[in-house]
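The lines below spell out each chain.
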Amino acid sequence: MGRRAKNKQGVPPTLEEQTQGPAPVRKDKKNKKDFKVTKPDRKTKKVKEIPQLPVEEAEEELPEEEDDDVVREKMTLFDDSDDEEMDNDEFDIEDGSDDEVYDSDDETHHKPMFSDDEGDEDELNAANMEAMSRRLDDEEESDEEMAEEELMELMKQHQNPRAQILPTAEAAAAEAQLPPDLHVVRTRILEIVKVLEDFKGLAEEGKSRNDYTTQLLKDICSYYGYNEYLAEKLFNLFTPSEAIEFFEANEVPRPVTIRANTLKTRRRDLAQSLVNRGVNLQPIGKWTKVGLQIFDSAVPIGATPEYLCGHYILQAASSFLPVMAMDPQEGERVLDMAASPGGKTTYISALMKNTGMVFANDVSKPRIKSLIANIHRLGCKNTVVCNYDAREFPKVIGGFDRILLDAPCSGTGVISKDQAVKTNRSEKDFIQLPHLQKQLLLSAIDSVDANSATGGVIVYSTCSVMVEENEAVVDYALRKRPNVRLVETGLEIGKEGFTSFRGKTFSPKLKLTRRYYPHTYNVDGFYVAKFQKIAPSPQDKTKAGAREKEEAARAEEEEERLINDDFAAFDNEEDSAIIDSARRSQLRRKGIKPLPGKPKDKKVATKDE
Amino acid sequence: MRPLTEEETKTVFEKLANYVGRNISHFINNEDPHVFRLQKDRVYYVEEKIAKYATCVSRAQLFSVGTCLGKFTKTGKFRLHITALPLLAAHARHKIWIKPNGEMPFLYGNHVLKAHIGKMSDDIPEHAGVIVYSMSDSPLGFGVSAKSSLEVRRLDPTGMVAFRQGDVGEYLREEDTLFA
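Those protein sequence lines, which keep their order, are chains A and B.
At position 71 of the first sequence (counting the first as 1) the number is 71 in the UniProt record's numbering, and the numbers step up by one without a gap.
At position 107 of the second sequence (counting the first as 1) the number is 107 in the UniProt record's numbering, and the numbers step up by one without a gap.
Just to be clear, a hint being listed does not mean it is correct.
Simulated restraints on C-beta separations [to be verified]:
#1 A:E548 with B:E14: 45 to 51 Å
#2 A:G399 with B:K119: 47 to 53 Å
#3 A:V252 with B:T73: 46 to 52 Å
#4 B:T9 with A:A552: 45 to 51 Å
Calculated directly from the structure, the hints in this document are not laboratory data.
Source: prediction; values computed, not measured.
Ideal Cβ placement from N, Cα and C applies to all residues, glycine included.
Make a model of the complete structure from these sequences and hints.
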């Protein structure tokens, strides 16, 4: 084996692992299909391993079989080694004709496979092979089931259902004095989560769910280092156990991914030349034809000659998604409203094969430098780079076929990249940012040509997981611009957007939007919504600049708050009249005749919220 | 953003002709018409249709259109930037290919040594513009030849073959000054 074999990532599982390994579903299926598979599998695999990329090509061509739903169940954007192995297995099944060759060549290898099968192998012959294998499977399955049941019983016995988990008042006070013992805190977090999952069965008597949640949030703050406000916000998005997974996922960096620039090279060629430089990589997954995941590298990935020649760009897997949802076509006129540092812009340009034109806008001058650098490095010739407040559109230029709005956001989806988010986000951000996002989205909608033959599409995305910045903004746009509707994003994976959240209900169409979480897909937290503009609106020809729009939005917000916020505003005058009349009738009941006028003034003075 | 004046056009074309020779006609006569545009002392080469749309963007806010070729210095000379490389490489006249062991030294801004040469065009005269490629044919930069092809054969391995003028390493090294 040469250098390539060395660079092949991960050691394939040993024979034992493969035969005994957990994953009963998979094993089951395979064995039913062909008994011999497991063993010759190893053999053929070894042979096939040497040309790494051809295998991958072959994979892509293979017809999808029943493994497909297993993959989907797994629901991750990254093919991990398991998946690959699965595919290889499948591949091997296909050309099972050369099995005999391997079977006959040495018997010694055959034995270990049955080593845990209590000497059954003596009776084994070709005739009863299948039946036997099925029997073995059944046996194993029932064994496993029994073991599981036993375990459950044991757990139930051992678990004290009314365990005292929350610290007493004194203990809490003592704890507050000392620096937090992370180990204790972590155990408590897990225990509280367990209680919250089954509150009826496990909660301590006399403690409310609220007590547990409060303590849990406090522990999360001290263990993971969030500020209280943000911790609560994020916690409310998920079930308790999922929330912990989310917080955990934020502590782990996401995989490094690159996108091959199809304007200059092909992914296969790029992978080959990077492998020759000692980079360990693998295609990201079936859903993209241009992404590569980097495991480790002998050279800095951002300074190889290939990088400098513009053959690839470092880009998070999540930021492929909005561009794929947008699906730009050749010859169109496209706008990227917040383009820096140009990963998405150059991807758009590559998908359009340098035809049509791409307007790349960004509000920040320093960030525009990296945008221009990337555009030139990757050889995009159809771009115009400008530096506007994106709310100026469509005053600057409108009538685009497609618009991508990757809105500025709180970054709650990319906490693993920027830990500062944990502490520096406050309530104010979650009022200001959505306000800006709403204006940007309306500007985007107004800048699209509804009569475009091919497009009329707006894609809204953020790297935030907050409902305020995602569903609420989209819902607002749907209400404000009845001439757009949500359409399928065309992305296979992702969770559906919320249609209601903590008492707020959104349009049922929000199901069509997609959410991505770090703990479920191992990508940055992300949100994608795709609109289709179906008719022009009077606002399309607006001559308002950013400032006028801001003012209009503020005025409207003032007006609208009454209806859309959860609380109605207090109306002092109306209230005081009611209070006054109530006071009078009370006095009258006591037999005192109330004086007209005088007490009313007093009430108004004291009753200010 | 405006078209180049007569004099500016002459300066730019003279510079380009160093590298592409007679092929310079391809810059102007191609199926979709392209134009040269000046914006804040930088010269851009762009499809005419895009240039027309770009007029919507005000001068202060326009940062780049199409491909940037280079910039005019305060003294009126024209400097090619590395961003022009794809264009130059497409129409290049004199070429030098360097071996993998010479790639990194070149990308760090060094001149091209005889030892690093994989192959080169036969007819390069002295002081002519050359485009530098890697052995896998991706353009790495441009420069001027120090010796003619004939003389290079007699050169010792540490001798200079071409002086570097631009290389793709500048995308990292000069990021702050190169763009806008």
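Each hint tested on the structure:
Checked against the hint of 45 to 51 Å, the C-beta distance between A:E548 and B:E14 comes to roughly 49 Å, which is consistent with it. Between A:G399 and B:K119 the beta carbon distance is about 50 Å. The supplied range of 47 to 53 Å therefore holds. Checking the proposed 46 to 52 Å range against A:V252 and B:T73 shows it holds: the Cβ atoms sit about 50 Å from each other. Checked against the given bound of 45 to 51 Å, the beta carbons of B:T9 and A:A552, roughly 47 Å apart, stay inside it.
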